[in-house]
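**Q** Please work from the sequences and hints to get the whole structure.
One line per chain: the protein sequences are A and B, in this order. Quick note: this note's numbering has the first sequence finishing at residue 332, numbered continuously throughout. Quick note: this note's numbering has the second sequence finishing at residue 332, numbered continuously throughout.
Hints listed in this document are in silico derivations from the structure and should not be mistaken for laboratory results. Do not take every clue at face value.
Each pair may be met inside one copy or between any two copies, as identical chains are not told apart.
[Said to hold, decoys possible] 35 Å max Cα-Cα, derived DSBU-like pairs, lysine-lysine:
1) Lys235 - Lys217
2) Lys318 - Lys115
3) Lys51 - Lys138
4) Lys100 - Lys248
5) Lys248 - Lys228
6) Lys138 - Lys228
7) Lys217 - Lys248
8) Lys138 - Lys310
2 protein chains.
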Amino acid sequence: MFKKDLKVYAAFLILLFVSFSSYAAQDPLPSWNEGPIKQKLIQFVNEVTDKNSSHYVVPEDRVATFDNDGTMWVEQPLYTQYIFALDRVAKMAPQHPEWKTEQPFASVLAKDYSKLSEQDFEKIFITTQTGMSVEDYKSLAQQWLQVAENTRFQKHYTQLVYLPMLEAMNYLRQNNFRVYIVSGGGQDFIRSFAPQIYQVPLENIIGAAIHTQYTYKNDQPQLIKIPKVVIIDDKSGKPEGINLFIGKKPIIAFGNSDGDRQMLEWTQSNGGEHLMLLVHHDDAAREYAYGAQSKIGTFSDSLMTEANTKGWQVISMKNDWKTIFSFEHAGN
Amino acid sequence: MFKKDLKVYAAFLILLFVSFSSYAAQDPLPSWNEGPIKQKLIQFVNEVTDKNSSHYVVPEDRVATFDNDGTMWVEQPLYTQYIFALDRVAKMAPQHPEWKTEQPFASVLAKDYSKLSEQDFEKIFITTQTGMSVEDYKSLAQQWLQVAENTRFQKHYTQLVYLPMLEAMNYLRQNNFRVYIVSGGGQDFIRSFAPQIYQVPLENIIGAAIHTQYTYKNDQPQLIKIPKVVIIDDKSGKPEGINLFIGKKPIIAFGNSDGDRQMLEWTQSNGGEHLMLLVHHDDAAREYAYGAQSKIGTFSDSLMTEANTKGWQVISMKNDWKTIFSFEHAGN
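**A** Structure, rendered in structure tokens:
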């Protein structure tokens, strides 16, 4: 009886081994075209996970950081969180008849977004994304993400996630990397979808954050979002956020714009193994083509120069990605 | 040959199982006296980890938060980080001859600490703990902790950690809890010793934090600590810090003072399983006895009332802890 159990155990072990071997033999990055970037990524992972390699990195130091807008999902023609804020204005308008004549709300209601300044957006954000509990905010964001659609692709925003980046995240996790989002976008907004869509847990989501106020409602404590900045997690705020939340430097970092420059520099300064990558949007047919001239996701010439000088990998969406969106596989 | 390998595997499996069974049979909290608190803690862990229990909690929701000063280590007669700051003033004094007459430094140098106000300490903190890189700060703290001694116990401060709390942390980790420090003390100060002393990784250390400035030194980026608050992680700042760093409510929380009240309320409001505990310093012989009247680690009468009303467990150091410090075992 006992001996039989052992045989079952042994069979199980073989099965496990065979599954693993066949798994490892599979391409971990099927949506990436063969080429130097894919090769570099796989070589890096192989080396830092190989105990016999001089490039070996212990699992606790395998920190991977990913920017969100433009790196993980579409950021054109406007950041998704901005569109959410604009839609909130329309939704809240019936309770605010004064907005018909009050700027910037009047322009938003007239769908005349072109003249909105940074200050206008700040006002819109304060009005639409503060003064409620963190939980209520996340519910609103989740409800909106379930129905709102991007006009060009006619897809939900969470369907506009780049499949090659999801594969890169999974590949790193399978190799015992801790995967973080490090975004200039709002932490609570990203937390409303990233655990489900990216499999990144709440505590690994670093983003722009505002303070909360501890209050009671029906004797239960709640945190109310208030318009006072904790951290702006963009540009030099990215290393600052990484230090605050993680306390150590990444060994691999993915970005796509000038906002990620300091995160990549920070990664490269870790004194050990590192790989820095930038997604370049050069595929107008399948997604968008933009760079130095774009206000959203600026990829300046000086960033390109720094990338070339410092050996940062520039991912061409056009050439390096076989598939961009998972819905392409459904034949849409 | 292959069959032999299988037998080896099987033998290994049995060994593993036997070791585990014998391990589980051991007391996970040997420094705790038998009694209702120890029983409650073990019962809680048994229930939330038992898949067949209606109290089962999935591992990703097993969040445990621990206050630091007075909960993990001695906080009397003054918080350790304060003593570090005062010692820094003495160390820096030769470069600041003007301090001989300038307050609050003159008082510090005369070891006349009794009149130092909150504002004085703020000035001392800004002078001694900002204007340097995060790495340099941590090195200074580590060097100091290696040599500085508590005058009463004549031990290094990291030797004044409560053994029963280390056991509680280990016990929770062994049961797949994620253990966090949530402290009103400085995040960088705690990060300088907690990974080694508590086995809590850097990213699980939540504390009071100040901003950093991204600059370059010899072409390498560095973060310089600047006197601008990110978050004050005390009182209502604790739920705020927990939300910012973890994004979900704890299921078990340990504190020892009025500064932990909101963290315990926040834990209790999680809508599921929860256990809230407060260390009460009532052992003048082995440690200290203090409570409502103490400026450091105030345990007010209203906190005691809230604890009794809401079923928070009050740990008596005198009665619930068999051993307080690990050096007691060495016969010191």
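**Q** Each hint needs a verdict: does it hold in this structure or not?
**A** To see whether the hints hold, each was checked on the structure:
Taking the shortest Cα distances, Lys235 and Lys217 sit within 35 Å of each other only across copies (18 Å), while inside one copy they are farther apart (37 Å). For the identical chains of this complex, Lys318 and Lys115 are intra-copy neighbours only, at 32 Å inside a copy versus 68 Å across copies, given an alpha-carbon limit of 35 Å. In this homomeric assembly, Lys51 and Lys138 come within 35 Å of each other (Cα to Cα) only across copies, at 29 Å, whereas the closest approach inside a single copy is 42 Å. Taking the shortest Cα distances, Lys100 and Lys248 never come within 35 Å of each other, neither inside one copy (49 Å) nor across copies (39 Å).
Taking the shortest alpha-carbon separations for Lys248 and Lys228, both the intra-copy value of 27 Å and the inter-copy value of 21 Å come in at or below 35 Å. In this assembly of identical chains, the alpha carbons of Lys138 and Lys228 lie at most 35 Å apart whether taken from the same copy (18 Å) or from different copies (29 Å). For the homomeric pair Lys217 and Lys248, the shortest alpha-carbon distance between copies (18 Å) is at most 35 Å, but the shortest distance inside one copy (38 Å) is not. Within a single copy, Lys138 and Lys310 get their C-alpha atoms only as close as 39 Å, which misses the 35 Å cut-off; across copies the closest is 29 Å, which meets it.
Comparing the model with each numbered hint stated earlier shows that hint 4 is the single one that does not hold.
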